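Trainee: What follows is each chain in one-letter form.
2 protein chains.
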Amino acid sequence: MLIGLSILKAAFNSFGDPMKKSLSLILAAVAAALALPAAAQFAKPEDAIKYRKASLTVIGTHFGRVGAMVNGRVPFDAKVAAENVDLVADLAKWPWTAFAEGTDKGETRAKPEIWKESGKFKEAADKFQAETLKLQAAAKTGNLDAIKTAFGATGASCKACHDTFRKD
Amino acid sequence: MLIGLSILKAAFNSFGDPMKKSLSLILAAVAAALALPAAAQFAKPEDAIKYRKASLTVIGTHFGRVGAMVNGRVPFDAKVAAENVDLVADLAKWPWTAFAEGTDKGETRAKPEIWKESGKFKEAADKFQAETLKLQAAAKTGNLDAIKTAFGATGASCKACHDTFRKD
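Line by line, the protein sequences give chains R and A.
Okay, so the first sequence: first residue is 1488 according to the numbering used here, each after it adds one.
Okay, so the second sequence: first residue is 1488 according to the numbering used here, each after it adds one.
For the record, the hints were derived by calculation from the structure and aren't laboratory data.
Incorrect hints may have been included.
Put simply, identical chains are the same to the list, so a pair is met inside one copy or across any two.
[To be verified] Derived BS3-like pairs: lysine-lysine, alpha-carbon spacing no greater than 30 Å straight-line: (1) K1654 x K1627; (2) K1635 x K1592; (3) K1627 x K1592; (4) K1531 x K1566; (5) K1531 x K1635; (6) K1598 x K1627; (7) K1607 x K1580; (8) K1635 x K1603; (9) K1627 x K1603; (10) K1621 x K1592.
Bear in mind that the values here come from a model prediction, so they are computed numbers and not experimental data.
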C-alpha cells in the first residue's frame, strides 16, 4: 500500500503543472482503491493496533535473545542465534500495513508523524527490514563479531524509528 | 524444557520402586536445572505472558488471512496465502516455552491444566506444529483444495488446544 502510493507519487511528480491537475483526481481515486486492501486486512482499527503491537513484541523478544548473546549475558549459540534472527527477518516486513489510516487513536503509542510523514515512516521501516536481512546473512556465517556489527546496526534502525514515530 | 521433562519422566517410570526413591531426588534436581533456561528467556512472568499472547495473536492474524481465502471472503492468491502460511509455520514452534512454571497467574486465559497435564499440552502444541507444516506443504502446491483441507486440520488443532487449555 505504502509502496503503491510512493510509486504513484513519483509518477505524479514527473508530470508538468497542467497535467498535474487532472492527474491529482486520478491519483486520489487510485489511492483510495489501493487503500482498501490494507484497511480490509483488519475488521476494526483496534485489531490493527493489537496486531502491530503483537508483531513488534515478538520481534523485540527474539531480537532481545540475540542481544543477550551479543552482550555476553548468555553463552553464544550460533544455531539458536540464527533461528531467532530468521524469525525477526521473517516478521520484519509485516507490521507496517497495520499502520493504516484511521488507526492513530486508541491504545497506541504511534505518533501522528507516521501518517503525516508516511514517506519517512516507510523509509524507516524499509531500513529496519534491510538491516534484518544483513543480520540474517551475518547469523548464517556463525561469526559472532559479524553478528555483533549487524545487531548494532539493526538495533540503531529500531531506535531511530521509535525516536521519531513512537511516543515515550 | 517440556521435552526434557517428558524424557526424564519416561526414564523414571521405567525403574522399580526402590530405585524410584533415590532417583526422585536426582529427577527433582535435574528438573530444576532444566527449568532454568526456559524461565530465563523472560525476566518476569508477565513478560512470558505478554510474549505468548503476542505470538499467538500474530499466528491467528496470518492464519485468519489464509482463512479469508479458504472461505472465499477474499480472492485466492496463492503467493499471498503461501507467505502467510510460511509465517504461521515459522512462528508455530515458539510460544510454548513461554508457558513456563510460574506464568499461570496474571492477565492470562491459560488454564491450570497446562501445567497439571503438561504432557497433553505438549502433545497439543506438537500436533499444531505438525499441522502447520502440512499446511505449508499444501500452500507450496498452490492448490486451493489442498490448502482448504490442511487449513481445516490446522484450525481443528488450534480449537482442540483452546478448548482444553484456554479459559473462555
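Trainee: If a hint holds in the structure, say so; if it doesn't, say that too.
Mentor: Hint check results:
1. K1654 x K1627: neither (35 Å within a copy, 41 Å between copies)
2. K1635 x K1592: For K1635 and K1592, neither the intra-copy (37 Å) nor the inter-copy (36 Å) Cα distance is at most 30 Å.
3. K1627 x K1592: For K1627 and K1592, the Cα distance exceeds 30 Å both inside one copy (40 Å) and across copies (38 Å).
4. K1531 x K1566: between (39 Å within a copy, 25 Å between copies)
5. K1531 x K1635: between (40 Å within a copy, 26 Å between copies)
6. K1598 x K1627: neither (35 Å within a copy, 39 Å between copies)
7. K1607 x K1580: within (16 Å within a copy, 35 Å between copies)
8. K1635 x K1603: Close neither inside one copy (34 Å) nor across copies (41 Å); limit 30 Å.
9. K1627 x K1603: neither (38 Å within a copy, 39 Å between copies)
10. K1621 x K1592: Neither: 34 Å inside a copy, 39 Å across copies.
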